[in-house]
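Colleague: Sequence:
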Amino acid sequence: MENKGSVLMQQYELGRLLGQGTFAKVHHARNLKSGTSVAIKMIDKEKVFRVGMIDQIKREISVMKLVRHPNIVQLYEVMASKSKIYFVMEYVKGGELFNKVSKGKLKEDVARKYFQQLISAVDFCHSRGVYHRDLKPENILLDENGNLKVSDFGLSALSESKRHDGLLHTTCGTPAYVAPEVINRKGYDGSKADVWSCGVILYVLLAGALPFHGSNLMEMYRKIGKAEFEFPNWFSPRARRLVSKILDPNPNTRISIPKIMESSWFRKGFDYKPMRVKMEEKDPDRLNADAIFGPCEDSSPAAGAKQDLARPSNLNAFDIISFSAGFDLSGLFEENDRKKEARFTSNQTAKTIISKLEDIAKRLKLKIMKKNGGVLKLEGAKEGRKGALSIDAEIFEVTPTFHLVEVKKSSGDTLEYQKMMEKDIRPALKDIVWTWQGDLPRTQQQQDDEPESSQLLPLQAVSFQ
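Each residue of the sequence shown is one higher than the one before, counting from 1 in UniProt numbering.
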């Protein structure tokens with residue numbers, strides 16, 4: 001159990017509890033190497049699995065790797081143990097925007113600055129096919145310099161969540177901030193729904209109160225559906241015009257973000273310059289999204305370079321965790337057709353695994369070729385429908401006696417590859433496999449012997465040299 005003062009993954013000293021929900025806690029923490037303050041979100045894996053929240057966790061990870069922007073809370077690192085998932089995030093010490101607004105309305109210039117930063121962040125999200133769906137002052141933080149940071153992507157939806165009509169169909173968000181079309185449950189455009197929420201936030205910043213009130217939820221929904229609200233007398237004419245265009249109950253005529261950014265009220269003092277997200281310099285591979293989620297550009301280490309700099313293609317700690325039955329996060333990180341690759345773990349040495357793969361290759365009359373970077377390449381002698389079948393087997397060291405092996409088709413016919421995997425390769429590997437991805441471990445005892453979380457990162461590519 002994590003307590004204040006304890007050290008997580010031999011890297012972070014935990015500090016005070018910042019927040020707590022049903023499935024997660026957020027702690028302040030300090031990077032022991034750099035001294036940098038971070039926020040660590042700890043998610044209880046068993047709890048989210050028990051209530052079917054796996055997709056939501058997948059979504060949050062996926063979204064956070066896509067949105068890297070100065071006005072969005074930055075994800076630094078993802079780690080995992082057998083029972084927890086850890087998001088290491090930027091620590092924003094200024095608190096919630098909600099706390100500032102709860103004290104009363106803001107001056108128009110201050111509200112404009114926050115709104116400009118909010119729209120810049122949301123526009124960036126939309127350009128990546130990401131819709132927040134739960135924008136509200138409580139999910140907007142302020143740093144020590146007064147800059148806005150959008151947080152909490154737990155309800156976000158990727159564009160892939162759309163049905164064939166191109167509309168989102170899940171009602172999300174907080175009632176006072178949701179768009180009429182979201183309430184109606186008839187499907188909605190995520191970008192237009194986010195624009196509405198931004199309009200409610202702008203109203204709250206300028207008025208110090210919500211635009212829609214009701215004695216009960218249905219009354220509030222009725223007012224939202226008709227956009228029934230009033231402006232306080234201190235709203236400037238230009239602010240009124242912009243808010244009215246945003247809080248248009250018809251999504252088809254509601255103003256778009258590009259048009260918002262062209263409005264005279266928005267443009268005043270707007271000098272936004274995209275800036276590079278500042279990250280810790282001590283360990284860039286662990287903080288870089290490509291190093292965590294994406295493929296290595298070059299699996300062959302330069303002469304004299306350390307072998308542990310190599311990283312598996314589209315693989316990170318979550319793929320190790322996903323070998324636990326029923327908790328497969330791998331689909332999130334795989335850009336290629338999943339049928340073209342398979343992964344297994346083994347508690348055998350790298351030498352034993354290599355020897356087994358070579359024996360199988362000889363039995364199947366596959367030519368054995370070795371590449372730098374720890375990839376064993378197997379090639380078929382016969383030409384199939386799509387040329388000769390070529391299979392890559394890459395071994396990664398988790399600990400000296402625990403390895404992850406990725407087997408994938410690099411060329412040739414996919415059906416031929418699948419048939420060979422199911423009929424020949426998988427059965428032949430059974431003596432050295434601890435578990436295939438998504439399968440149950442062979443025995444509970446082996447499950448108890450799983451490497452501790454602190455050993456899961458970094459993965460080390462095995463060299464054949």
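Quick caveat, the hints were computed from the structure, so don't treat them as lab data.
A couple of the hints might just be wrong.
Using 20 Å as the maximum straight-line C-alpha spacing, the simulated EDC-like pairs for lysine to aspartate or glutamate come out as follows [claimed, not checked]:
id : residue 1 : residue 2
1  : Lys107    : Glu228
2  : Lys356    : Glu406
3  : Lys259    : Asp55
4  : Lys408    : Asp424
5  : Lys82     : Asp44
6  : Lys93     : Asp44
7  : Lys356    : Asp424
8  : Lys192    : Glu228
9  : Lys192    : Asp271
10 : Lys100    : Asp44
11 : Lys223    : Glu262
12 : Lys356    : Glu383
13 : Lys84     : Asp109
14 : Lys93     : Glu144
15 : Lys351    : Asp392
16 : Lys136    : Asp123
17 : Lys268    : Asp109
Colleague: Now, for every hint given, state plainly whether the structure supports it.
Modeller: Evaluation of the provided hints:
1. Pair hint Lys107 plus Glu228 does not hold up; C-alpha atoms about 24 Å apart against a cutoff of 20 Å.
2. Our distance criterion of 20 Å between C-alpha atoms is met by Lys356 and Glu406, whose separation comes to about 14 Å.
3. Between the alpha carbons of Lys259 and Asp55 the distance comes to roughly 34 Å, so the proposed pair goes past 20 Å and is violated.
4. Of the pairs offered as hints, the one joining Lys408 and Asp424 holds, with about 15 Å between alpha carbons and a cut-off of 20 Å not exceeded.
5. Taking the CA atoms of Lys82 and Asp44, the gap is about 10 Å. The hint holds against a cut of 20 Å.
6. Between Lys93 and Asp44 the alpha-carbon distance is near 25 Å, which puts this suggested pair outside the 20 Å criterion.
7. For the hint linking Lys356 to Asp424, the alpha-carbon distance of about 13 Å falls within 20 Å, and the restraint holds.
8. Using a Cα cut-off of 20 Å, the hinted pair Lys192 and Glu228 holds, with the two alpha carbons roughly 19 Å apart.
9. For a cut-off of 20 Å, the pair hint linking Lys192 to Asp271 is broken: about 24 Å separates their Cα positions.
10. Distance check on the hinted pair: Lys100 and Asp44 sit about 31 Å apart at the alpha-carbon level, beyond 20 Å; violated.
11. Using a Cα cut-off of 20 Å, the hinted pair Lys223 and Glu262 is violated, with the two alpha carbons roughly 28 Å apart.
12. Restraint check for Lys356 and Glu383: not satisfied, since their Cα atoms lie roughly 25 Å apart, outside the 20 Å limit.
13. The suggested pairing of Lys84 with Asp109 is violated, with an alpha-carbon distance near 43 Å, which exceeds 20 Å.
14. Proximity of Lys93 to Glu144 is assessed by CA-CA distance (about 6 Å); at most 20 Å being required, the pair is judged to hold.
15. A hinted pair counts as satisfied when its Cα atoms are at most 20 Å apart, and Lys351 with Asp392 qualifies at roughly 17 Å.
16. For the proposed pair Lys136 and Asp123, the alpha carbon gap of about 16 Å is at most 20 Å, so the pair holds.
17. The hinted pair formed by Lys268 and Asp109 meets the criterion: a straight-line CA distance of about 9 Å does not exceed 20 Å.
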